[in-house]
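Enquirer: Sequence:
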Amino acid sequence: MSKILIVYYSRKGENYCNGSIKKLEKGNTEIIAEMIADITGGDLFKVDTVKTYSENYYECIEDAKAELREGARPELKEYLDSLDNYDTIFVGYPNWWGTMPMAMFTFLEHYDLSGKRILPFCTNEGSGMGSSEKDLKKICKGAKVENGLSIHGAEAASSQKKVETWVKAQ
1 MSKILIVYYS RKGENYCNGS IKKLEKGNTE IIAEMIADIT GGDLFKVDTV
51 KTYSENYYEC IEDAKAELRE GARPELKEYL DSLDNYDTIF VGYPNWWGTM
101 PMAMFTFLEH YDLSGKRILP FCTNEGSGMG SSEKDLKKIC KGAKVENGLS
151 IHGAEAASSQ KKVETWVKAQ
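Quick note: the sequence shown uses the working numbering, first residue 1, plus one each step.
No lab work stands behind these hints: they were computed from the structure. Everything numeric in this text was worked out from a predicted model, so none of it was measured. Don't take each hint at face value.
[Claimed, not checked] Taking CB as the label site, the calculated pair distances span:
1) S54 x E34: 22 to 30 Å
2) S114 x S20: 38 to 46 Å
3) A169 x D43: 16 to 24 Å
4) G142 x A72: 21 to 29 Å
5) E78 x A169: 27 to 35 Å
6) N18 x L44: 22 to 30 Å
7) K168 x S54: 33 to 41 Å
8) N85 x I21: 35 to 43 Å
9) S127 x K26: 16 to 24 Å
10) S114 x K26: 13 to 21 Å
11) K23 x N85: 35 to 43 Å
Just so it is clear, CB atoms sit at the ideal spot from N, CA and C, and this is done for glycine as well.
With the hints as extra help, turn the sequences into a complete structure.
Expert: Laid out in structure tokens, this is it:
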């Protein structure tokens, strides 16, 4: 069996959920990442930015929009020393403005992903994968980017069966 990594960005606190703002103790993407780790036995790595985004949902999404417009690459607190030991990498993120948070671009562009298999998963409130799969194909040069899994964020905690079915089909 190949060595598996589950790398993800997730945001707890104020989130948009079924038409209203709710405070989450754990981000939706982190919930799904932990499910995948339990199913696969893979290693988990949470991407974390040096800059802390606002606790206020609306301020956070405005910051995210500005980062996207600028093509920003936010500084990260840490990286893994190497991805050499991993053949399969699950890449998880919330859909921010139609793609991944810019922090995921920062993380992925840090490595040579040639020969890796990339399995994206995304939490969202109805916007699906957006352009993230296309964006992953651009930045993960030499990797095989598979079709991703879109999870409605408000249903993340009850998505075990959907996640299992997708992971086992890989």
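Enquirer: I'd like to know which numbered hints this structure contradicts. Please list them from smallest to largest.
Expert: 10
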